[in-house]
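Below, each chain spelled out in residue letters.
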Amino acid sequence: MDEMIIAILRSSTPLIYVTLAGVLAQRTGIWNLGLEGLMIIGACATVLGIAITGSFLQGFLLAVGLCVAASVLLWFVIERLKANQIIAGLGLTGLGLGGTAFAVEAYMGSQVAVTVSSGAPKAGPVLGAFGVLSIFVLLMPVVVLGLWVLLKCTRFGLQLAACGEHAFAARSVGADPSRIRLIALAAGGVLCAAGGAELATGSLQLFAQNMTAGRGFMAFAAVIFGAGHPVWSTFAALFFAVAGVLGIRVQLTFGDNIPHGLLQTLPYLATILGVWVSGKLRGGAKAATLTEEQSDV
Amino acid sequence: MHRSFVPALSCSGVTVQYGPVTAIAGLSIEFAPDLIHAVVGQNGAGKTTFARVAAGLVRPEQGQISVNGRPLPTGSVPNARAAGVELVHQSFALPPSFTIAEAMEFGSTRPGGIFSGRSLARRWKSHLRSLDITADPNSRIRDLPIEIQQGVEIARALVTESKLLILDEPTAVLSPSGIDLLFDRIRRLKSMGVTVVLILHKIREVLAVADTVTVLRGGKHVAGPLPCTELESASLARLIIGDGTTVREGGDIKALTGADAPESFERTAVPVTETPARTTAPLLEIRAVSTAPDSEGPPLSQIDVTLQPGEILGVAGVEGNGQRTLVRAIAGHADLISGTILFSGVDVTRENLTERRRQGLRIIPFERNTEGLSLTSSLWENWSSGALLQGSLLRYVRPAQMRASCDTTLSRWDVLYHDCRQSAGSLSGGNAQKLILAREIDDEARLIVAAQPGRGLDVGATAFVWDALRSARDRGCGVLLISSDLDELFDISDRVLVMLSGRSVGEHSAPYDLQAIGAAMTGANQ
Amino acid sequence: MSGQLTSVLRSLVFVLFALLLCSAIFQTSGFSAVQVLNSIAEGAFLRPNAAAQSLRWGLPLFITAVGVAISFRAGYFNIGAQGQFYIGSIAAAICAEALTGAPPIFVIPACFIAGMAGGAFWALWPGLLRIRSGTDEVITTLMGNFLASLLLIYVTSGPLKDPSGSGQQASSRPLDSSYRISDSLGVSPVIVTTALVTGVAMWLLVNRSAFGVLAGLAGRNGQMIRWLGTKQWQLGLASFLISGALAGLAGTLEFMGPNGRISSGFLPAHGFTAILIALVANTSVIGTAVASLFFGGLASAALYLPIMVGLPASAIDIINAAIALFITAKSAFVDRLLRVGRRDHG
Chain A
193 MDEMIIAILR
203 SSTPLIYVTL
213 AGVLAQRTGI
223 WNLGLEGLMI
233 IGACATVLGI
243 AITGSFLQGF
253 LLAVGLCVAA
263 SVLLWFVIER
273 LKANQIIAGL
283 GLTGLGLGGT
293 AFAVEAYMGS
303 QVAVTVSSGA
313 PKAGPVLGAF
323 GVLSIFVLLM
333 PVVVLGLWVL
343 LKCTRFGLQL
353 AACGEHAFAA
363 RSVGADPSRI
373 RLIALAAGGV
383 LCAAGGAELA
393 TGSLQLFAQN
403 MTAGRGFMAF
413 AAVIFGAGHP
423 VWSTFAALFF
433 AVAGVLGIRV
443 QLTFGDNIPH
453 GLLQTLPYLA
463 TILGVWVSGK
473 LRGGAKAATL
483 TEEQSDV
Chain B
12 MHRSFVPALS
22 CSGVTVQYGP
32 VTAIAGLSIE
42 FAPDLIHAVV
52 GQNGAGKTTF
62 ARVAAGLVRP
72 EQGQISVNGR
82 PLPTGSVPNA
92 RAAGVELVHQ
102 SFALPPSFTI
112 AEAMEFGSTR
122 PGGIFSGRSL
132 ARRWKSHLRS
142 LDITADPNSR
152 IRDLPIEIQQ
162 GVEIARALVT
172 ESKLLILDEP
182 TAVLSPSGID
192 LLFDRIRRLK
202 SMGVTVVLIL
212 HKIREVLAVA
222 DTVTVLRGGK
232 HVAGPLPCTE
242 LESASLARLI
252 IGDGTTVREG
262 GDIKALTGAD
272 APESFERTAV
282 PVTETPARTT
292 APLLEIRAVS
302 TAPDSEGPPL
312 SQIDVTLQPG
322 EILGVAGVEG
332 NGQRTLVRAI
342 AGHADLISGT
352 ILFSGVDVTR
362 ENLTERRRQG
372 LRIIPFERNT
382 EGLSLTSSLW
392 ENWSSGALLQ
402 GSLLRYVRPA
412 QMRASCDTTL
422 SRWDVLYHDC
432 RQSAGSLSGG
442 NAQKLILARE
452 IDDEARLIVA
462 AQPGRGLDVG
472 ATAFVWDALR
482 SARDRGCGVL
492 LISSDLDELF
502 DISDRVLVML
512 SGRSVGEHSA
522 PYDLQAIGAA
532 MTGANQ
Chain C
2 MSGQLTSVLR
12 SLVFVLFALL
22 LCSAIFQTSG
32 FSAVQVLNSI
42 AEGAFLRPNA
52 AAQSLRWGLP
62 LFITAVGVAI
72 SFRAGYFNIG
82 AQGQFYIGSI
92 AAAICAEALT
102 GAPPIFVIPA
112 CFIAGMAGGA
122 FWALWPGLLR
132 IRSGTDEVIT
142 TLMGNFLASL
152 LLIYVTSGPL
162 KDPSGSGQQA
172 SSRPLDSSYR
182 ISDSLGVSPV
192 IVTTALVTGV
202 AMWLLVNRSA
212 FGVLAGLAGR
222 NGQMIRWLGT
232 KQWQLGLASF
242 LISGALAGLA
252 GTLEFMGPNG
262 RISSGFLPAH
272 GFTAILIALV
282 ANTSVIGTAV
292 ASLFFGGLAS
302 AALYLPIMVG
312 LPASAIDIIN
322 AAIALFITAK
332 SAFVDRLLRV
342 GRRDHG
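Residue numbers (the numbering used here), protein chains in the order written: chain A, 193 to 489; chain B, 12 to 537; chain C, 2 to 347.
In short, the hints are calculated from the structure, not lab data. Wrong hints could be hidden among the right ones.
What the hints assert, rightly or not - Think about it this way: if two alpha-carbon atoms lie no more than 27 Å apart in a straight line, the pair counts; the simulated DSS-like pairs of lysine-lysine are:
(1) B:Lys201 to B:Lys174
(2) A:Lys274 to C:Lys331
(3) B:Lys136 to B:Lys174
(4) B:Lys136 to B:Lys201
(5) A:Lys344 to B:Lys136
(6) A:Lys344 to A:Lys472
Bound conformation, chain A alone:
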């Protein structure tokens, strides 16, 4: 049982961090499809950083720096150059996936995984069997709760929400929606770095090309399924992670007789269900479109 819980926590934590980054962006009115790219940059930079400097902390700081820089680039393109956020987000994802593959080949000269000798700090023996969990896992509930309080119970949270719902309202009380989006995306960059670092160094200590394997999109799905609420989205991510762990269990137990792909489709089907229901309830949440933009007022 412990083993099962550990497996679920380990697979859900990276997803949850990235989901929270998506929640922040979502609140300010940005559908961040660059999460996948940010996550893999986080994972790759942490591992390469450790490989170069030998210190986890420096590796993680490198990841934070690069993820924030990439987020700021996305912000610049969307907010300043008025690019379509869906396409720009997908572009960032491509840049992350391609760039990390390129960087690994450039620095390591091979296409196989990069392994390093140290990983994220662990909780230690005080937690018994759970001591193998990394600090990212332990901090995760605190971050979720903190974000919930920030969004629900502070004026900044109100401004963040206003930014997504009625940007002109935010402007007319003196809040700068563009700046708020920058803060939200940059903070999301830090969270993605944490998610990527946990994925690469939480239990494993390696980076492989394309190792996020769609987790960033799954996190995006969790944001939509959780209607942009930090706690509901976290539960959605947890649910997706549980489905994934169960899928592997089923596979191990029954072998190839049961297509475990069936369980893998769950996050995507759940998301389609989620947008369908929210569309029915709220008359349709709309992502960026290619049609004429509504005026500012």
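Given chain A's structure and the hints, the job is docking chains B and C onto it.
Frame of chain A, contents of chains B and C only:
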């Protein structure tokens, strides 16, 4: 120039450009403290831009704003608010999902810390009560009636204990009694030591509430601040309209500027033309129609409307009382649960809009820029869309031919443009509306539904629209005119029907009784 | 037509931006950016055989991209080309499997139809969800891509599995050579004709039919067209289905032509590149054709780079991604730049 006061708000030489358009040019005004100042002008005169410059929302290319004699860095809302300048927008600016208390906190500039819903309600209770807002602080903005929403907006603007409040066309959305309530509220604010700048549209309202009036035209300062006691409405109307615009004398001028009480209009045309159509079925007959509730305002309940050929039937009502649903029902877009709709005696309840258009229905929709036109599409595409929809979608068309006939039609309608391949967004509001008229009032048009056709237009363009509707009527078309502007309705309608909460609450004919219609609009007579 | 010229120039400026960003990435990774770009240009356009290679990749991309362009025009943000491409290829593969033994003259058209139907089906449900309940098609088509690739894994490792196949990539049984429409070089009369017919038909549909004009209007402003009484949903759904069918057709061509089989996760960037092409071309049909050849060249360079100059193939992914990042940008600065440029040239 001598003056005995330090102006509460002054602007000097303010110029604002929006791309190629000069919104205001070299505007200089000084407003004395502790008074109610009105700023009037046609649409496009630059009133809203002026208000936004003062509130820091728009940074002017040139010019200076001062508050109580101290210059204010322009283009910064926090600076303007710190100096005590607050603006209440025409279309309200609060996120609809917020509660009243959240809206207050959202606008506050004091440190707020971490709060809960309950502590927030407690924090803002006394503030709300001091402004007569008795609604539950935890109710959501989107659930509030429009008068209370406006009250909440004003309360939001006053959370900083502002001493200078600017209201941008606050009366546009209100019923006559709602306007009285608003004016009471404004007079109370004046007595509390707040200087109020009111952007207004109607001379009648200026004279009712303001101490001084300033007139803008075409982005320029024309006159004022003049003390209202020394003013006559006729000369003020002249100032607003200017000499360059030709408008039908008499009723139209008064209606366009909201001068005098509407019931005293001299009616220019007595249009009850006894056409032979009287013996046939009415052009439009809506019989006991009710619709299913949806997100676009109250549903219709058991509404009856009859429109004869050769008449203009006005539909009055505070915005959001089912006018939109009425138009949607006529277009076949609403979900009817009972009742029938007939065009010239033919039941069209089950027909779609394409079929209804084939029978002569034409619609000038509420929102010119989003529902009437595709601003990023060319003029000829916008114009030809109506005709293209009749017939097979896969038929071969020649764009060059369509462009040629578009040119012919648009010049007949006096649309000012260079090339019919330019985008509709490059037209001015008046020309854009003419483009819609050119598409909708064609030879086959019989029943024209005009929803807020004069909204946002300057005086000349509004008069053009009215004349177009009148001449369509004189040709025998029936016109259903939906408007929240009573002056417009009284001036050109042959009959006026009042809507309240999706119901028809009475029909009036000229001479119109403002009191009775105003009471019907708010349900005060029930 | 100066508006169109400006939009083409704007696209080029942003492609240039993207290349600069890529150069920075290459340079910091220890490569010489000049050398990388040079090798890419050589791989894509300059070496012998480059034209044929660029056609091999460009033709299927064109077919998918022109479909994407049509749905974008109609205002439907279909980013599910990849999924529709996969489902199309799966449907064609199943059809070929079921009809094994029948004469090619019968099987090949049947597979084309099956592939287009498959792709259209994968566009149908997001289209219906959008029309019936306003469900955002961006998310449904995106999720559709993941579902389609899972389905591809399932069929290639299950019902259609090639038992003799080895290695980590599951594949279907190879298509009988009599049904192949091209060899592995991928340029054959059938494929070229299919692309030409598609191009001409779509150009006529977009530029010379009532449908084209109205779908364009509906795409830019769906509300407006609703008040004119059209069957907005007909326009939208038809465009959606066309884009799905064309992506499915491209999948069929890849399956029956150069690939000769379907394998799990094959051509993973096809749909994304097609979206890029549609955007670079600003959804014009002729522009799409030109851009397809350019991106087709880049795709062929991806194969050339590792073998000939020892550069990672992911360099091409980076370039495509960087173009995606910038291509939809609308910058007043760039517009001003373009205006100045035009005045200089008279």
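Status of each hint after checking the structure:
With a CA separation close to 9 Å, the supplied pair Lys201 (chain B) and Lys174 (chain B) stays within the 27 Å bound. Of the pairs offered as hints, the one joining Lys274 (chain A) and Lys331 (chain C) holds, with about 5 Å between alpha carbons and a cut-off of 27 Å not exceeded. With a C-alpha separation of about 21 Å, the suggested pair Lys136 (chain B) and Lys174 (chain B) falls inside the 27 Å cut-off, and the hint holds. Between Lys136 (chain B) and Lys201 (chain B) the CA atoms are separated by roughly 22 Å; this keeps the pair inside 27 Å, and the hint holds.
Between Lys344 (chain A) and Lys136 (chain B), the direct Cα distance comes to roughly 20 Å. Compliance with the 27 Å bound is thereby established for this hinted pair. Taking the CA atoms of Lys344 (chain A) and Lys472 (chain A), the gap is about 25 Å. The hint holds against a cut of 27 Å.
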